[in-house]
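Participant: Chains as they are written, first to last, in the numbering used here: chain Z, 205 to 475; chain D, 2 to 231.
In case anyone wonders, no lab produced these hints; they're calculated from the structure. By construction, the Cβ of each residue, glycine as well, lies at the ideal position given by its N, Cα and C atoms. There may be inaccurate statements among the hints.
[As the list claims (entries may be wrong)] With a cut-off of at most 30 Å between alpha-carbon atoms, the simulated DSBU-like pairs for lysine-lysine come out as follows:
{"no.": "1", "chain 1": "D", "residue 1": "35", "chain 2": "D", "residue 2": "67"}
{"no.": "2", "chain 1": "D", "residue 1": "169", "chain 2": "D", "residue 2": "4"}
{"no.": "3", "chain 1": "D", "residue 1": "35", "chain 2": "D", "residue 2": "142"}
{"no.": "4", "chain 1": "Z", "residue 1": "400", "chain 2": "D", "residue 2": "67"}
{"no.": "5", "chain 1": "D", "residue 1": "35", "chain 2": "D", "residue 2": "169"}
{"no.": "6", "chain 1": "Z", "residue 1": "401", "chain 2": "D", "residue 2": "67"}
[To be verified] Non-contacting residues of chain Z with respect to chain D, defined by C-beta distances greater than 10 Å in every case (computed):
{"no.": "7", "residue": "235"}
{"no.": "8", "residue": "313"}
{"no.": "9", "residue": "358"}
{"no.": "10", "residue": "360"}
{"no.": "11", "residue": "370"}
{"no.": "12", "residue": "374"}
{"no.": "13", "residue": "380"}
{"no.": "14", "residue": "398"}
{"no.": "15", "residue": "401"}
{"no.": "16", "residue": "411"}
{"no.": "17", "residue": "449"}
{"no.": "18", "residue": "473"}
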Amino acid sequence: MSKWLLGVAIVAFGSLLAVPDVEARRIGGGGNVGAQRNVTAPPKQTPAKPAQQAQGQQQGQQAAPASTGSRWGAILGGLALGGLLGYFLGSAGGNLLGLLMIAGLVFAAVMAFRAFARRRQETHQPVQFAGMRETVSVPVNELPAMASASVPAGFDAAGFLRGAKMSFLRLQAANDAGRLDEIRELTTEDLYQELKKDAGNGHQPTQFNGLEAELLEVATEGAQHWASVRFSGTISEAAGAAPADFTEVWNLVKPADGSSGWLLAGIQQMH
Amino acid sequence: MDKSQTVRRVFDSVAERYDVMNDLMSLGLHRAWKSFAVSVARPRPGERVLDVAAGSGDLAAALCRKTQPGGEVWITDINRRMLERGRDRLLDEGLAMPAVQCNGERLPFPGGYFDCVTVGFGLRNMTHKGAALAEMARVLKPGGRLVVLEFSKVWKPLGRAYDWYSFKVLPWLGDKVAGDASAYRYLAESIRLHPDQAALAAMLRDAGFSQVEVFNLAAGVVAIHRGVRI
Numbered sequence: 205m206s207k208w209l210l211g212v213a214i215v216a217f218g219s220l221l222a223v224p225d226v227e228a229r230r231i232g233g234g235g236n237v238g239a240q241r242n243v244t245a246p247p248k249q250t251p252a253k254p255a256q257q258a259q260g261q262q263q264g265q266q267a268a269p270a271s272t273g274s275r276w277g278a279i280l281g282g283l284a285l286g287g288l289l290g291y292f293l294g295s296a297g298g299n300l301l302g303l304l305m306i307a308g309l310v311f312a313a314v315m316a317f318r319a320f321a322r323r324r325q326e327t328h329q330p331v332q333f334a335g336m337r338e339t340v341s342v343p344v345n346e347l348p349a350m351a352s353a354s355v356p357a358g359f360d361a362a363g364f365l366r367g368a369k370m371s372f373l374r375l376q377a378a379n380d381a382g383r384l385d386e387i388r389e390l391t392t393e394d395l396y397q398e399l400k401k402d403a404g405n406g407h408q409p410t411q412f413n414g415l416e417a418e419l420l421e422v423a424t425e426g427a428q429h430w431a432s433v434r435f436s437g438t439i440s441e442a443a444g445a446a447p448a449d450f451t452e453v454w455n456l457v458k459p460a461d462g463s464s465g466w467l468l469a470g471i472q473q474m475h
Numbered sequence: 002m003d004k005s006q007t008v009r010r011v012f013d014s015v016a017e018r019y020d021v022m023n024d025l026m027s028l029g030l031h032r033a034w035k036s037f038a039v040s041v042a043r044p045r046p047g048e049r050v051l052d053v054a055a056g057s058g059d060l061a062a063a064l065c066r067k068t069q070p071g072g073e074v075w076i077t078d079i080n081r082r083m084l085e086r087g088r089d090r091l092l093d094e095g096l097a098m099p100a101v102q103c104n105g106e107r108l109p110f111p112g113g114y115f116d117c118v119t120v121g122f123g124l125r126n127m128t129h130k131g132a133a134l135a136e137m138a139r140v141l142k143p144g145g146r147l148v149v150l151e152f153s154k155v156w157k158p159l160g161r162a163y164d165w166y167s168f169k170v171l172p173w174l175g176d177k178v179a180g181d182a183s184a185y186r187y188l189a190e191s192i193r194l195h196p197d198q199a200a201l202a203a204m205l206r207d208a209g210f211s212q213v214e215v216f217n218l219a220a221g222v223v224a225i226h227r228g229v230r231i
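Construct the entire structure; sequences and hints are all you get.
Facilitator: Shown next as structure tokens:
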């Protein structure tokens, strides 16, 4: 009898403790799904061509302010703390505080001018457009007027990418929560049929730390416009999981007659 | 020019350099203040949070991560350029949240919708602070928390050094970095006119908050007020 009770108890507690078997995955599960396109993305780290070096430099410079910001933040914070301590401890506190404040300001000014100089330099950096079959260097100033094989002239790339990022994050959230209507709203019917099988149920959301979007190609084929966007960033796909880098290309489609907006038609991995 | 017009002009003018100026003016400390404000707000997974006067979105980013899964963070700002910048910065961090351009004194949300309302360095710029606090109380559920992060009255012995810094150094920095000294003179003046710790705590109580607590940071340069909606 007691063994029987113990058995019941174990089963009951066991079921309470059981963790629901939910595997949070990003939409598409990190594989190839839906429409695949033949887009040529530039290799990320091959310092072969000078134009790509320029791109690397530019990326480095874009990344630099964040890291120097936090480093300087700590130094300046220390200075401020030192200033306060000096004021409390020193008998000639006022002078010391003044001195430290001036030192802090000199640091701040140096930092500001460096940031200025960097930004000014950045605007003169030639930029290489990703996804171009031939690398062409175009000064950033001439960006809006550029005409290329991959992106038509006059295409509002910045606005498009902002919208693409928003759709990307909305779709991830809808997938996590299993909101099929929202997925359907933003995807083609074919892709929706594939995605709905794997939609989650909201237990473990995918989280992003940094999201970059790059327009690889905009093309018109028949009655459809196609756009390929390369998303990259850092993702954690389960609670407590270590964040990992990811890169994938989303192929978006829009009828040329404008009967609908841009819809996600396929996701493809870059290997 | 009335106050709301001044505030609009100031933020239109400084929007582009807002982040670098924050780092310079506070010697980087604003990051620590904001992170402390988030820990005082105690956001939990699944909660609805409103960040009023979200500016560049620093508070909202931290709040958003802490309310997942299932949470909802809204950002508002009266200034369109600041709001757009905040929204784009959050997108770059991989966070999408609804952004609403509105006046903090008239929030377009139903009563009792949010679990927590935060306002970081924004209350000072509102013309009718009492009305704004009452609006924040209205949109909070009973038991919901309001967290106000704002400049306050510095500890008296530091008063002179602080005045020198805010009336001499800040406008100079503003001129050199953001190209607008008058905007930063406005900042210094608005800080001086803002109610001190005790006065703001009383305003929170008047607006319907209880258990009002005050946390002084950097010797009172900045203070965090937290109240619970009755």
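Participant: Please go over all the hints and tell whether each is borne out by the structure.
Facilitator: Structure-based check of all given hints:
no., hint, in the structure
1, D:35 - D:67, "14 Å, holds"
2, D:169 - D:4, "23 Å, holds"
3, D:35 - D:142, "23 Å, holds"
4, Z:400 - D:67, "28 Å, holds"
5, D:35 - D:169, "25 Å, holds"
6, Z:401 - D:67, "29 Å, holds"
7, 235, "20 Å, holds"
8, 313, "7 Å, violated"
9, 358, "22 Å, holds"
10, 360, "14 Å, holds"
11, 370, "6 Å, violated"
12, 374, "6 Å, violated"
13, 380, "7 Å, violated"
14, 398, "23 Å, holds"
15, 401, "21 Å, holds"
16, 411, "6 Å, violated"
17, 449, "12 Å, holds"
18, 473, "19 Å, holds"
Going down the numbered hints, you'll see the structure goes against 8, 11, 12, 13 and 16, while the others check out.
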